[in-house]
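Read top to bottom, the protein sequences are chains R and V.
Mapping to this note's numbering: the first sequence position 57 is 57, numbers consecutive.
Mapping to this note's numbering: the second sequence position 99 is 261, numbers consecutive.
Quick caveat, the hints were computed from the structure, so don't treat them as lab data.
Beta carbons: idealized from backbone N, C-alpha and C, even for Gly.
One or more of the hints may lead you astray.
As the list claims (entries may be wrong) - Facing chain R, according to a computed beta carbon distance under 7 Å, are these residues of chain V, among others:
#	residue
1	Asn174
2	Phe193
3	Arg199
As the list claims (entries may be wrong) - Cβ-to-Cβ under 7 Å is the rule here; a few derived chain R residues that face chain V:
#	residue
4	Lys22
5	Tyr24
6	Tyr28
7	Gln58
8	Thr80
9	Val101
10	Gly129
11	Ser133
12	Glu139
13	Val160
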Amino acid sequence: MAEAPVEYIARITRQYAKLGYKPYGWVYNTDASPWQPVRKPLAQSRVALIASGGIYRQGQIAFHSKDDTSFRLIPTDVHTEELRTAHFAYDQTDARKDPNVVFPIDTLRGLVQEGFIGGLTQHAFTFMGGIYSSRRVREELAPAITGRLAAERADLALLVPV
Amino acid sequence: MSSALDITRAVNPPRAVFTDFPLGHTAGKAFDRPLQRQIMIETLSAFETMEKPGSIRILPFEWDADHSWKHAGAGEGDNRQERTEEPQYQSEEDKAAAQEGRLAEECIVCSDWSAGTVERGSAD
């Protein structure tokens, strides 16, 4: 039998109250969602993978846990075994065994091979989503990534949170 | 992609697909390549077939039959750790590799956008 999805906002709100923390300021975007029509068929589209699971490549500096708004460029031809994770807010056990669960790079490369999508941008973009300040995400991280998406001529942006 | 339906509703992105899996598995189960591929095909297809801004498509995948994962570790106790600006390396080996600057020729920390440059080093 199907069971309703977990209500994370309610769960975390209860947990914070019980522990005596200040309530978290969840983002509620009530304006109409921004919309861009898709202009090309998938088979001709260049896809950009953007993932918030704290993925870095061995040799890069790992993410830290204090409002880290930096991001990493991961070449999309990276060897999967060079990928690592650094994140404090989810169980990384499976992601560290198979990064594809939060960073579906092999999955996407397979679909390029099949001709299902046209290709990938030169890099994927990764950050550590446990950032308390939504203002800093909006004002710092998001514009920086958007700039790279334009520079790498992405047709579609695929966001993979954890 | 999302595995937190209520949070995604609140954020209100243009197009979203929801898979009812435990957090940390947005794109599938570890090493289950057919499932990962099927989730991604459904996800990418949504770009072409979703037409209503702000809607969320529920994908038909189930983690397991009894949904017991939804009740495990439901936020009991205080498991938060002190926030620090120390990089949280997966291993000491990674820390050493970063300190050697093995990827110095590539973007290491992309945070210097205030001056108009997006990253340190040359990524392209």
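Verification of the hints:
Checking V/Asn174 against chain R by beta carbon gives a least distance of about 4 Å; that is within 7 Å, so the hint holds. A cut of 7 Å between beta carbons decides the hint on V/Phe193: the least distance to chain R is about 5 Å, and the hint holds. A hinted interface residue such as V/Arg199 counts as satisfied when its beta carbon comes closer than 7 Å to some beta carbon of chain R; here the least separation is about 6 Å, so the hint holds. Hint status for R/Lys22 relative to chain V: violated, with the closest Cβ pair at about 13 Å, above 7 Å.
The beta carbon of R/Tyr24 comes no nearer than 11 Å to any beta carbon in chain V, farther than 7 Å, and the hint placing it at the interface is violated. Against a cut-off of 7 Å between C-beta atoms, the interface hint on R/Tyr28 holds, since the closest Cβ of chain V lies about 5 Å away. A cut of 7 Å between beta carbons decides the hint on R/Gln58: the least distance to chain V is about 5 Å, and the hint holds. Given hint, R/Thr80 at the interface with chain V, is violated; its Cβ is 11 Å from that chain's nearest Cβ, farther than 7 Å.
Given the 7 Å rule on beta carbons, the hint for R/Val101 holds: about 5 Å separates it from the nearest Cβ of chain V. Given hint, R/Gly129 at the interface with chain V, is violated; its Cβ is 11 Å from that chain's nearest Cβ, farther than 7 Å. For the restraint placing R/Ser133 at the interface with chain V, the shortest Cβ-Cβ distance is roughly 12 Å, beyond the 7 Å limit, so the hint is violated. Annotation: R/Glu139 was flagged as interfacial toward chain V, and the flag is violated, the nearest CB pair being 10 Å apart, outside 7 Å.
With 7 Å as the threshold, the beta carbon of R/Val160 comes within range of chain V, its nearest partner Cβ sitting at about 5 Å, so the hint holds.
Checked against the numbered hints above, the structure violates hints 4, 5, 8, 10, 11, 12; every other hint is satisfied.
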